[in-house]
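Visitor: If you read the protein sequences in the order shown, they are chains A, B, C and D.
For the first sequence, full-length UniProt numbering gives the first residue as 1, with consecutive numbering after it.
For the second sequence, full-length UniProt numbering gives the first residue as 1, with consecutive numbering after it.
For the third sequence, full-length UniProt numbering gives the first residue as 1, with consecutive numbering after it.
For the fourth sequence, full-length UniProt numbering gives the first residue as 1, with consecutive numbering after it.
Hints were generated in silico from the structure; no laboratory data involved.
Heads up, a few of these hints could be off.
As the list makes no split between identical chains, a pair holds if one copy fits it or if it spans any two.
[Claimed, not checked] No more than 27 Å apart at the CA atoms, straight line, and that leaves these computed lysine-lysine pairs for DSS-like: (1) Lys86 <-> Lys96; (2) Lys86 <-> Lys29; (3) Lys191 <-> Lys29; (4) Lys29 <-> Lys338; (5) Lys191 <-> Lys96; (6) Lys96 <-> Lys29.
There are 4 protein chains.
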Amino acid sequence: MTLSVAIYGASGYTGAELIRLLTVHPDVKITALSAESNAGKAMADVFPQFAAYDLPRLTTIADLDLAPVDVLFCALPHGTTQTSLKAALETRPDLKVVDLSADFRLSDPAMYQHWYGHAHQAEALQTEAVYGLTEIHREAIAGARLVGNPGCYTTTALLPLIPLVGAGVIDTDNIVVDAKSGVTGAGRAAKVATLFSEVAEGFHAYSVGNHRHTAELDQELSLAAGVSVAPTFTPHLIPINRAIYATIYVTGDPEAIHATLAERYASEYFVNVLPFGEVPQSRHVRGSNFTRLGVVADRRPGRAIVISTLDNLVKGASGQAVQNMNVMCGLDETTGLKQLALFP
Amino acid sequence: MTLSVAIYGASGYTGAELIRLLTVHPDVKITALSAESNAGKAMADVFPQFAAYDLPRLTTIADLDLAPVDVLFCALPHGTTQTSLKAALETRPDLKVVDLSADFRLSDPAMYQHWYGHAHQAEALQTEAVYGLTEIHREAIAGARLVGNPGCYTTTALLPLIPLVGAGVIDTDNIVVDAKSGVTGAGRAAKVATLFSEVAEGFHAYSVGNHRHTAELDQELSLAAGVSVAPTFTPHLIPINRAIYATIYVTGDPEAIHATLAERYASEYFVNVLPFGEVPQSRHVRGSNFTRLGVVADRRPGRAIVISTLDNLVKGASGQAVQNMNVMCGLDETTGLKQLALFP
Amino acid sequence: MTLSVAIYGASGYTGAELIRLLTVHPDVKITALSAESNAGKAMADVFPQFAAYDLPRLTTIADLDLAPVDVLFCALPHGTTQTSLKAALETRPDLKVVDLSADFRLSDPAMYQHWYGHAHQAEALQTEAVYGLTEIHREAIAGARLVGNPGCYTTTALLPLIPLVGAGVIDTDNIVVDAKSGVTGAGRAAKVATLFSEVAEGFHAYSVGNHRHTAELDQELSLAAGVSVAPTFTPHLIPINRAIYATIYVTGDPEAIHATLAERYASEYFVNVLPFGEVPQSRHVRGSNFTRLGVVADRRPGRAIVISTLDNLVKGASGQAVQNMNVMCGLDETTGLKQLALFP
Amino acid sequence: MTLSVAIYGASGYTGAELIRLLTVHPDVKITALSAESNAGKAMADVFPQFAAYDLPRLTTIADLDLAPVDVLFCALPHGTTQTSLKAALETRPDLKVVDLSADFRLSDPAMYQHWYGHAHQAEALQTEAVYGLTEIHREAIAGARLVGNPGCYTTTALLPLIPLVGAGVIDTDNIVVDAKSGVTGAGRAAKVATLFSEVAEGFHAYSVGNHRHTAELDQELSLAAGVSVAPTFTPHLIPINRAIYATIYVTGDPEAIHATLAERYASEYFVNVLPFGEVPQSRHVRGSNFTRLGVVADRRPGRAIVISTLDNLVKGASGQAVQNMNVMCGLDETTGLKQLALFP
């Protein structure tokens, strides 16, 4: 069986990364690509690395024929996503859809309204959508028509924290997530703040105290804990292209924390828990779909440092999207995703 | 008056940075430079950027004549420092010395023994030495013969934390210092771990849970607080040359925290407290002797994020050493140190 | 004597670099700064590193009072420069002006029309302007009212090539300049092509075969050679902030080439010729006004490789502009410019 | 059929890159890995990104059983290679060997002696070895027992130059190769010159005038041209991990040059010739086995700039080695090598 796959918003970084991954996926054929402002161009005009591979020409969404499509990835910016997907699913109710925007991550319409300042334009779909953190919601994803793929920061923080709050081995009132991201997370829009000369040779935090992504964190942690959880979360910008690196400070017994994670992920291919006391590095997941987790005891008794790292464009976006597609379509979950990190 | 200045250990990064700063200091003449393994060479053979400036040739310490020297900077590695300085001060008891190693930072001989695994070789000097955090111990520095220049991580963390624990506006039991450093902090020794290909395009924490620098943190914070303080401290490596960036999580009223720092540093030239809610960037202190501090309210009431950044080779090492020399010699503290950051 | 200095276009990179250099210049007071789109803001709102220094608020050019100004630096984009400076010099015919744009570098109106596609809007000033390559045109600069500061690529190539074609020690028909630039040369405008994620971790040439800067090269080399000279010139982008590095392939006797340069620049403070066979590195001029030149014999007899490097924002722009101001105002040429490179 | 593959010298960068590529090769099983100084360790102890993949433990060469091995890759340093391979082929004369060192690239024993200062220790093998530039020597490689895999610089320069000198469309007496390399080309040995702080934020040439790699260039170009060819060649270090970027200056008709390359490589999967006038970027081959070639007319008639770029660890080393293995073993040449570049 070969799946016919279309991508809405192919000319951004997550769209390009989907193509990079899907071109080596044995069960997929990319049959349609949309990109509003680049419609009519070849994908290789926008990302020259695709010149050697035969891809469909970019079209508008309006011109993209969904009829032969089995799976639709949506990598559109926030806002246009909800109306585009509503239309797509009205046309083709049997489509399988993985959405990479933030539009279908929050399950509560009131919460969506709170963070985004307006009512959701496809509320029935919002309610239907499954949160696509594969290792956590695998069964629901397997039966889903629409998956809201998690954000890169949240995937990094939730993979270690959900089992820990679920098992009750950490204090849910004192969680600090100090997170660092590579620059590709900011996308391909031309902005002064992400020019090379503004980013290179420096480091800084941003959106300190109240980042929009905390809504996702709170939703999933509260669900797992059974009580309301609201960690402190600070994002920073690392002058590299790819990575999320989260240093998480928790209260609890370090060895119990490690044991909880080691057991929870023992049979998960893409989540690797290091031996107790070892510290992961982002370069060892670069370009791959792996997450690496480490647990270290703090010198203060009863405190631990949990570290989680992944590639923001792979496990933090397009790789997990492909992983979800595999689950939704009954394929082996690792199909097309076994490449190891590009290091050095 | 022109001060005659000598440097022990001129061929490392902090030695070179001392020379960069001292060549534009109007009241200093560099009269002697030691570098054991490079003795006999010109400084420009080791650091070509000094070719345009007339500097004394490198010698061994044994061959360096201290007779005409007013101020000695010591940038030797840990271990050789204590015996070398003991000898120097026996020869010239009236020398003024600023030591950039870790040898004279801990005032308690027992604590030194604990962290370094052996008794101090110059215990009388250890007791005599003043901890050179200029803004905090200025008066003692003015009268000191021997100053132990603080580490780069500790300077970054102590400048905000000392006033806060001193004023009692934060909980001393729940301080988390998530610190990030540029690579020059690792020095010029050839090691696989700091090769370009091992560091570029990635990010990682190291010495998690129990870094040696915490001894300095504990000493100074406990002194300021009047109770024992032992923060959690995690260092990370940023793939850039220069910076320390500390994101500090504290419990307390954010506005009181900001007010405490703004008032404490209102008249300090080198410590700039940003308006409440603003976040500093390391690039804006690069190459300069400034520290920039920001305070932001966390979304959790009663929690704040305090951010502190400086250039590890300037305010974190050689710049503060020159600042201390200025204080010890009765010069205006900012002499030779007014250059603004090199950005972009 | 303190010179009153104004800057048109203070909020770009060359404007900011002028301020960095002028704040440590002992004979200058910055009295006015223009920035059309940022008028009304403090300079520290645009470049936070200036927070510690007392600078005038940004204004429009229309609101900037030239009456008390002695020296005007113009760092405006191409196009607006010629009309703005024409107006300024009509208001204040006795101003001294250093222009950092390309508007006053070409002396021939026909050549200007050819490369820029329109007639010059201030042709009398174009004819009057002196080409500000300080070491080459120092006497004319000393008497000039308006200096057209050279481009960064051209300064790097011309400093070695002018003496060589002037002395006739190289073949003027076979010069290849393979040049590489840091990213700040592209300025602060938001463009996809200079986003961090598009530039980091890669390398490429651009404007291959026919770059606009070759007009400057041709003008000055032909003037020095007495015959028409048109070298091959290829610019590349290095993923770093600051540097120009030119590897120049010439036909001629390598030792004669070296001797010519060594003699020509023996007494020039800012142009350092390395011993024969040694190769300069851009990092050793970073942040400084120095140019470093090396000459190496090729393995093919009668061929040499000449290497030239400088900081594109200093000797390639704002540093040379200050150097020219010093010459125009009768100050020691090195005043305020003696800082050595920031390395590492 | 599954090939049993062993690697001598698995713990260097080219060894690790071989493993990265071979773990997704469908017809290969890695059965033995040697690494003298790391013998006894798991590969994941040396390169943690391999933790998720089941690999044999590292052994010494002496302990490595060649009996079940079909293909041996040798990634040892120069010097140890020749004796190790001589022994291996005496034990197992039917082995297929791809050597990634410089030991089997020069076919002439006298030339080897000239450049390396001693007689070759396995002269019969030196004579037998085939130069492994796949697109050029494919037929000989298909029948070879021992292939000397080309260097990264030489692969980059030879792919465009061999067809051009072979077709007689460029002047063989005036070729300038200005080449730039990422830092991984320097290997994993701890050296001051390749420390992060020495390499970042700067640029420089090295081995100017007479690099050892020119021997390979001369051998292959002279063979193709039928006359002695000795281009000028200058290597530079780019502060990024992976890339070779060669800007090549030639004399000849630009369109004829482009046509020659376009025709020559029309059916080659891994060598992509861009449309006339277009310029390749290294980032678009990063992590892939592709080479991208561009041809641009210089403004001087009869001169052209030919640009060639590849990933030094893939097409410049381990990728081409796998490509050669595919050819030697009768597999489709692209097997396991179709991944596109990791960009951004």
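Visitor: With reference to the structure, classify each hint as holding or not holding.
Guide: Status of each hint after checking the structure:
| no. | hint | result |
| --- | --- | --- |
| 1 | Lys86 <-> Lys96 | within (13 Å within a copy, 58 Å between copies) |
| 2 | Lys86 <-> Lys29 | within (24 Å within a copy, 47 Å between copies) |
| 3 | Lys191 <-> Lys29 | neither (34 Å within a copy, 33 Å between copies) |
| 4 | Lys29 <-> Lys338 | both (18 Å within a copy, 15 Å between copies) |
| 5 | Lys191 <-> Lys96 | neither (34 Å within a copy, 36 Å between copies) |
| 6 | Lys96 <-> Lys29 | within (15 Å within a copy, 36 Å between copies) |
The structure is inconsistent with the numbered hints 3 and 5, although it conforms to all the rest.
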